[in-house]
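Each chain is listed here by its residues.
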Amino acid sequence: MVHDTVPPTAADPPTTRPPQRGALARGQAALHTKPLLGPLTVLLLASLFFSVWVGSRFSDPLNISLIVQQVQIIGMVGIAQTLIVLTAGIDLSVGAITVLASVVMGKLAVDHGLPVPLALLLGVVVGGVCGGLNGVLVTRFRIPPFIATLGTLSVFSALTLFYSRSETIRAQDVPPLLSWPGRSINVLGTDVTYSSLMMIGCFAAVAYLLRGTAWGAHLHAVGDNREGARLSGIRTGRVLLSVYVVAGLICGLAAWFLIGRVGSVSPQAGENLNLQSITAVVIGGTSLFGGRGHVLGTLLGSLIVGVFSSGLALSGVDALWQVFTVGVLVIVAVAADQWIRKVAA
Amino acid sequence: MNPRSDPRNTTTDVLALQARGLVKRYGHVTALGGADVELRAGEVLAVIGDNGAGKSTLIKCLSGAEVPDAGEIRLFGEPVRFRNPLDARDHGLETVYQNLAVAPSRDIPANLFLGRERRRPGPLGGVFRLLDKKGMREETRELLTSLGLLTIQNFSQPVETLSGGQRQGVAVARAACFGSRVIIMDEPTAALGVRESRRVLDLIREIRSRGVPVILISHDMPHVFDVADRIHVQRLGRRVALVRTSDISMPDAVALMTGALDPAELDGGSPAGTP
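As you go down the protein sequences, you meet chains Y and G in turn. So for the first sequence, this note's numbering puts the first residue at 1; every next one is plus one. So for the second sequence, this note's numbering puts the first residue at 1001; every next one is plus one.
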């Protein structure tokens, strides 16, 4: 170490800012350093509320399992969306990539008679290629992510409809391997689908990549201060491109889960995934300004949406209140983020 | 940590960094019109100049943030061509940018090791690419202590919650830690109070006493005259004078900067030459 030779210079009195006073300010600071705290609190309170209001029909393990099944596709696509949002971007095409990849898997396996594992693999690869295209548009051609992915959203959706001729592959024609994620096993007395377990695995894997590796550190730095990251010697273009490719691959995997969940392969499935994934990311506490947030927040965010949907449905109020509530949650989440970010002077 | 074993010459006749005829144009604007730079080993060279003199562009070209259109750069005699900041860093040249180039929402160790994170030994680091967070945290503590910057109690707090002086400290510590051959600082005291400025100036002297030469870009004449061995006056994209600090008065330096004084009129100094 070079610095061993440096004698300490005269230390000035501490110049750290005075400790903040008041419970509100302390809470603000805590939320700033621990981005999971907010969504976790909301999830627990919401679950408690519906357990009391709706009763055992909500807290039944079967219903909990159902909620997890309902949010697994949003959760998976949300992982991809989180990666993009952490780089201060946004991806409007994640849902379109997912549907395109699922159609590719189904068509290759059913219509073209490819071996099913190969069709599955190619579907995931198509997801990665689509993500890579987004990445090239953003890094090489310097198109803002919002516009680049708005364009590819239309392109991918059109390709999906061309390729599938707008036809659905019926459930009875779908080979067992493609619908395998939708099958369930018994875990602790509850039926849990394979895809739910794999989704949790994906969250853990991406959380590890983001927190434990240099790639994750660079991804955060690029989202935080892109020019600063470049001057610090990070190859920002390469990092960004890799993020879009990884996001695309995750959407490719989500496509497999989507087939498992729906049963058939439909070009119309997953229409709302693009916006729902952004909802899950935002409610999960990841900042749209980049750099700050946690991928596990997206898991919590999608579960929050699932809990509100299920709870409100079981309570018997008009289904429109579900839509209304999700909208309010998104706005509250972003407002909270603006407030929390003010900790940084 | 520093792989480059550098037989550093203590005599100041060795040229640490030398640039000749650097040209950089942005469209029709010529930011640098054939600028020269000469930094001797073990000295602090101040670069002064009015706004638009090309100081920032000069620094960017030396640090790899910009690639000059023409001209050559030599580092300890060896011709170098930096295509990006990483290239310059790999050659042992570190830069503290005016905007600090930090990731505000990351903590202090993450910022110190930004772009050169250290992995765990063994398969955890090799196969699973796991970062050695504990090791980096320990080293951060040692480093900040040795630089007298350990007034920060909590290393895991995001850099954006630090005061301006502390942020500057993190950026300077990063350069001091990794810059083994040349350190460039762009206006390191511009945003600081009196006491914090003094500490940065002390730090610059510390770095020099270790034998690492420093290029200091500053607007602040008292700071320049306090710490610099020689002064490089930049004007209209070129170096108009290179003088020993002891050979010039503060008003004359300012007059050179603004063009009120012709470098040829300078006593004992030679225009753009070696004093």
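You may find that some hints are simply not true.
What the hints assert, rightly or not - Restricting the straight-line Cα-Cα distance to at most 30 Å, the calculated cross-link-like pairs of lysine-lysine (DSBU-like) are:
no., chain 1, residue 1, chain 2, residue 2
1, G, 1133, Y, 342
2, Y, 34, G, 1133
3, Y, 34, G, 1134
4, Y, 342, Y, 34
To be verified - A few chain G residues that don't get close to chain Y, going by computed Cβ distances all over 12 Å:
no., residue
5, 1018
6, 1020
7, 1023
8, 1026
9, 1052
10, 1063
11, 1071
12, 1076
13, 1077
14, 1086
15, 1115
16, 1129
17, 1222
18, 1247
19, 1251
As the list claims (entries may be wrong) - Just a few of them, taken from the derived set where beta-carbon distance is under 10 Å, the chain Y residues facing chain G:
no., residue
20, 186
21, 190
22, 231
23, 232
Hints listed in this document are in silico derivations from the structure and should not be mistaken for laboratory results. Just so you know, even glycine gets a beta-carbon here, dropped at the ideal spot from N, CA and C.
Handout entry: Numbers of the earlier hints that this structure fails to satisfy, in rising order
Key = 10, 14, 15, 16, 20 and 21
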